[in-house]
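Participant: The chain contents come next:
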Amino acid sequence: MVEEKRSTESANIVVDKAETKLSDLWKLEDYWAIWLGFLILVVGMAIFLPRPPENMQENIAKAEQAMAAEAARAPFKTIEWHKANDAKGKIKATSEGYAKGIKNFLSKPHGWKTDVSQAFMMGDEAASAKGQNAVPKYEAAKAKESAALAAATSAQAAAAAAGFSNAELNNTAKNTISDWRGAHRKASAAKKKTKVSPYNQIGYLIGLCAVLAIFFSIGIFFMKGGGEVAKFIPGFIGVFIIAVLAYVAAGQATMKEYGIGYAAWAILFGLIISNTIGTPKWMMKAVQTEYYIKTGLVLLGGEILFGKILSIGIPGIFVAWVVTPIVLISTFIFGQKIIKMPSPTLNMTISADMSVCGVSAAIATAAACRAKKEELTLAVGLSLVFTSIMMIVMPAVIKATNMDHVLGGAWMGGTIDATGAVAAAGAFLSDRALYTAATIKMIQNVLIGVIAFGVAVYWCAKYECAPGQKVGAGEIWVRFPKFVIGFIVASIIFSLMYGSMGESVGTAMLDHGVLRGFSRNFRGWFFCLAFVSIGLATNFRELGSYFKGGKPLILYVCGQSFNLVLTLIMAYIMFFKVFPEITAAI
Amino acid sequence: MKTMTLPYTMAKKVEGQPRPSGVVKRWMHLALWLLLLWAFIFVVGPIAQKIPAVGILANYIKESGIDAGAIYYTEVDEVGESDQAIRNTFRFYLPQK
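The listed protein sequences derive, respectively, from chains A and B. To convert a position in the first sequence, counted from 1, into the numbering used here, add 13. To convert a position in the second sequence, counted from 1, into the numbering used here, add 27.
No lab work stands behind these hints, which were simulated from the structure alone. Heads up, a few of these hints could be off.
[Said to hold, decoys possible] Using 30 angstroms as the maximum straight-line C-alpha spacing, the simulated DSSO-like pairs for lysine-lysine come out as follows: (1) Lys204/A - Lys96/A; (2) Lys77/B - Lys205/A; (3) Lys208/A - Lys89/B; (4) Lys52/B - Lys294/A; (5) Lys89/B - Lys126/A; (6) Lys77/B - Lys126/A; (7) Lys150/A - Lys208/A; (8) Lys155/A - Lys77/B; (9) Lys89/B - Lys116/A; (10) Lys150/A - Lys412/A; (11) Lys126/A - Lys143/A; (12) Lys89/B - Lys113/A.
[As the list claims (entries may be wrong)] Footprint (simulated), chain B over chain A, 3 or more residues, beta carbon under 8 angstroms: (13) 98–104; (14) 316–327; (15) 403–409; (16) 520–533.
Glycine residues also receive a C-beta, built at the ideal position from the N, C-alpha and C atoms.
Please model the entire structure based on the sequences and the hints provided.
Facilitator: See below:
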């Protein structure tokens, strides 16, 4: 009965063929997602790893020696400590010339405010004028930074004169240094806006479209034959153009300020086209949602570095890795038993995107439990709406209640869905809030790997069985979404490499090299193509039927409320009762 | 109107008996949606920023250049910065942890 149900829905969900053959290796898109994903990761490693920044080891050692000396001198992070930390942060492969060339080629359209042509090109004069317009703000920010630095230097000197043994002077110095860091952040951002270079992205976008069309055609050729490639390529160009438009809309200044990213626009543009003029048949050949998503997820696996989970010590583990699974499982059970969600896959996708990290968790979990496209769309939509609301409301609540920024940061990091929104809300409060919020969120991001694997196994072994049926290892293997193996293997390989290189070199060469400089750009495009495809294949009415009774909304609100309460309690216990010294050091 | 020039799904609908009014209606729906999106981006969005809590954060995001729409930590520079700062804090100030 289960198989029958699955077969009737197979056109609409991510399903593997229920048998295993050697030819699966070149006939199934799950395997092609693995081959293509690893091709990108291997090329990325071949480009970046042999080309480290000049004197990387020496410069890292120099910065670390300076930080160690300052830590031995003062009980708080001094001005010199922060400068050494900044210098260390600049040592990364993505700062190299070749990496900038790659970035230009893979770049999405640029930001714009009212003139949409600026998404694609900007001439010398316009660039120069834009840069000049930003100079007064930079000058003002620079002056504030200088004043803040002078105050911090004076306060630090007073604390040093007392041998760093006067708690009040130390505290004053710590606070003035914190103010300087805030001013420094603003001045750095303002400086970036004065450096506007002319650009023309159109040529790069055409080149990227051609490269991606050929890239995905390789899999199409082996899976469906040469004839299909000829039909796939024109359709791909159409899907790619809509993906570009989604990035253009996401780059509009006001939309950027609301954090409405490409995922929402890609789905929306696809939906509008398919539900008004209709998706053209020639384009439907390239509406390959699962193919793009699975390839993107294999690349995402490389970004899941397990070494990151200890970044903020045990408190981070408890807030991100203990609370999150509890909330996920509780919400799923609540959805099944109390709300009685009509679709368990919708329930799981919403539970994961709400409790883990929004869109990226929704994509990974939906693919792992074979959720329908409409279910993923609904989960992503809910997450985006609540992310925008929480990004605005939570910093306001933290300010109004005078909550400590480490506690507030941990609270936001554990509850706001999207990583970018967490960083914005945290930085809006202070550096302490940003550091805590962003690090907690990053640890939670890494949890995606475990969640996706766990959901895939659970769905194969338990959920897709008839009552009382026991499933053997062989059957689990047949049912298991194979791309998850690529996703996990990529994560393990990159985590091992990161660990063996050491944190400092791993960050410079892998995190800020192969991943941020190469694979994540491809992954962003693949997810965007997938969301466009979802929109192009979705009917408004069908989508509406999943929302009937408002159950998904009730599930999200109840789950998120539980998440907010549990995360706050856990963060308070960890950062104030069990490890107050960590809070003091941050 | 020639069906040859129409997208497939539209052409399918008008096969045999062309229904230009239906075709026009679909394109008008598209135009209406685009108008709504335009209004959302250029009218509703800026107006909502007049709410103090919204406007202050929106202005901060604009000035800081943080990508608030990013979906994963590798897409946000500030997360890398935070990771490094926290790690170095632990390493040099809390070596026992």
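Participant: Evaluate each hint against the coordinates.
Facilitator: How the hints compare with the structure:
1. Note on Lys204/A and Lys96/A: the hinted pairing holds, with a Cα-Cα distance of about 17 angstroms set against a maximum of 30 angstroms.
2. Our distance criterion of 30 angstroms between C-alpha atoms is met by Lys77/B and Lys205/A, whose separation comes to about 27 angstroms.
3. Between Lys208/A and Lys89/B, the direct Cα distance comes to roughly 16 angstroms. Compliance with the 30 angstroms bound is thereby established for this hinted pair.
4. Restraint check for Lys52/B and Lys294/A: satisfied, since their Cα atoms lie roughly 20 angstroms apart, inside the 30 angstroms limit.
5. Restraint check for Lys89/B and Lys126/A: satisfied, since their Cα atoms lie roughly 11 angstroms apart, inside the 30 angstroms limit.
6. The hinted pair formed by Lys77/B and Lys126/A meets the criterion: a straight-line CA distance of about 17 angstroms does not exceed 30 angstroms.
7. Proposed proximity of Lys150/A and Lys208/A is supported: the alpha carbons are some 13 angstroms apart, at most 30 angstroms.
8. For the proposed pair Lys155/A and Lys77/B, the alpha carbon gap of about 28 angstroms is at most 30 angstroms, so the pair holds.
9. A hinted pair counts as satisfied when its Cα atoms are at most 30 angstroms apart, and Lys89/B with Lys116/A qualifies at roughly 22 angstroms.
10. With a C-alpha separation of about 26 angstroms, the suggested pair Lys150/A and Lys412/A falls inside the 30 angstroms cut-off, and the hint holds.
11. Among the hinted pairs, Lys126/A with Lys143/A is consistent with the structure: their alpha-carbon atoms are about 12 angstroms apart, no more than 30 angstroms.
12. With a C-alpha separation of about 24 angstroms, the suggested pair Lys89/B and Lys113/A falls inside the 30 angstroms cut-off, and the hint holds.
13. With 3 residues bearing a CB less than 8 angstroms from a CB of chain B, the segment 98–104 of chain A meets the requirement of three and the coverage assertion stands.
14. Check result for the segment 316–327 of chain A against chain B: holds, 6 residues qualifying (beta carbon to beta carbon below 8 angstroms, three or more required).
15. Here's how the segment 403–409 of chain A fares: 5 of its residues keep a CB closer than 8 angstroms to some CB of chain B, so the rule of at least three is met and the hint holds.
16. Remark: the segment 520–533 of chain A is confirmed as covered by chain B, as 6 of its residues place a Cβ nearer than 8 angstroms to a Cβ of that chain, reaching the required three.
Checked against the numbered hints above, the structure breaks none of them.
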